[in-house]
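Trainee: Residues per chain, in single letters:
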Amino acid sequence: MLSANEPVTFWQRLYVYFYQAFIYKDRWQQYLNGVKTTLFVTAIALLIGVILGLIVAIVRTAHDQQRLGHKNWLLGLLNSIFQVYVTVIRGTPMMVQLMIMGFVIFATSKDFALVGALTLGINSGAYTAEIIRGGLMSVDAGQTEAGRSLGLNYMDTMRFIIVPQAVKAILPSLGNEFIVLLKDTSLISVIGGKELIYAARGVISRTYEPMFPFLGAAFIYLVLVMVFTWLLGIFERRLRASDRR
Amino acid sequence: MIDVKNLTKRFGELLVLDGVSEHIDKGECVVVIGPSGSGKSTFLRCLNLLETPTSGEIIFDGVSMTDPKTDINLMRQKMGMVFQHFNLFPNMTILKNCTLAPVRTGKMNKADAEAKAMELLGRVGLQDKATSYPAQLSGGQKQRVAIVRALCMEPDVMLFDEPTSALDPEMVGEVLDVMKRLAKQGMTMVVVTHEMGFAREVAHRVVFLDGGKLLEQGTPAQIFGNPQNERLQSFLAKVL
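So the protein sequences, as listed, match chains B and E. Residue numbers for the first sequence follow this note's numbering, so the first one is 8 and each next one is one higher. Residue numbers for the second sequence follow this note's numbering, so the first one is 81 and each next one is one higher.
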């Protein structure tokens, strides 16, 4: 493309870098594959995080709401385990958790993306649990009392009365957690997960030119997050429409 | 029907109920009065174990409520409760508010529960609000719905925790009217209220609580006409 000994302008060089970063040898496909892995990891981690978070939140709320003299030992045991889980996950860096999972616990696994998704899911679960727990506690205690005074059991009161009201309070912070999760998938490149940042670094190792690959990756993350925020907004408006206040 | 024996409730250091004993007969309408902080709401909430008594015993229909082996959900189905702040479920229509418990506890099927709810809503003049949400109702309407919601479980006893205290003055009457009719039909009722007019007119028996102790009880004529206890005399002097 560039012949030797010919002076190039700044703009020409910029164009060449851009061409090398995205178009030459169809390199845009590498980013696309990276995005696919990023979205796959996000989806799996989200699923694990929400299910884990829901279980932890419900057990911990149920434990705290037990009547005096009616302590359930199983609930107490689970509550202690989950408390340790939340403390450890929130108290150690995401990066360290990934390295322990990738290089120690699953050192022999070659499915780096899945190990990454699992780690992110376990991490997200701890934060999601606290978000959901906060939402459940934000519902007026009178609602629980009304449900229980009618003879409904704890699970029915939760399912029909408390959880539907808590969802509205939970959704904005949960959306925030999802966005953090999506961006945190970039960390799994340290254990070899072939996501977007991994793809960008692959291109850089060929061109020795980091500007466009990283700018491109940043732009893609931004677009993904914006699309996600837009979808969340639609969902929230639909919930409010059924609110009729 | 309800036997309360030496009921004591502490919140930490604070002694709220101090050895209250009381017997409520079937078909009786008992009104509990007393200054604020006297423990009357706590007394009522102990009856269906929304508050766990520190000591003492509550026997309802021959079953000890305070026994850990008692199925408390089953017992609560026989005790309706109406709250000061209505506590309707804002995420459901009025009809759903009324039918949720009868259907989920297996007491009635959906069609029967809805028929029952519509009949009771009709009796309090709110049949046309069945598909509305609680937020669309006035305070008085909400409290009438709350009474209907409790009645849908066909309870043996109705507990009222200051049912008119959160209402605008012009809405108090409509709720009291519903309660009066209920009492006339022979429903067993325990009512915590500041409405002395209601106590005088409807109660079979008035109970005066102060400082967590049951200080005096008797017919409305005795309590309002010839109060014996000094605390009751000064309380009545202030509220009447």
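FYI, nobody ran anything at the bench for these hints, they're computed from the structure. Cβ coordinates follow ideal geometry from the N, Cα and C atoms, glycine included. Some clues are possibly wrong.
Computed Cβ-Cβ distance ranges for the label pairs, DEER-style [what the hints assert, rightly or not]:
(1) G149(B) with N153(E): 12 to 20 Å
(2) L178(B) with L320(E): 47 to 55 Å
(3) I88(B) with Q313(E): 20 to 28 Å
(4) A191(E) with I112(B): 52 to 60 Å
(5) G149(B) with Q308(E): 33 to 41 Å
Trainee: Quick check: which numbered hints come out false for this structure?
Mentor: Hint 3 is the one this structure does not satisfy, whereas the remaining hints hold.
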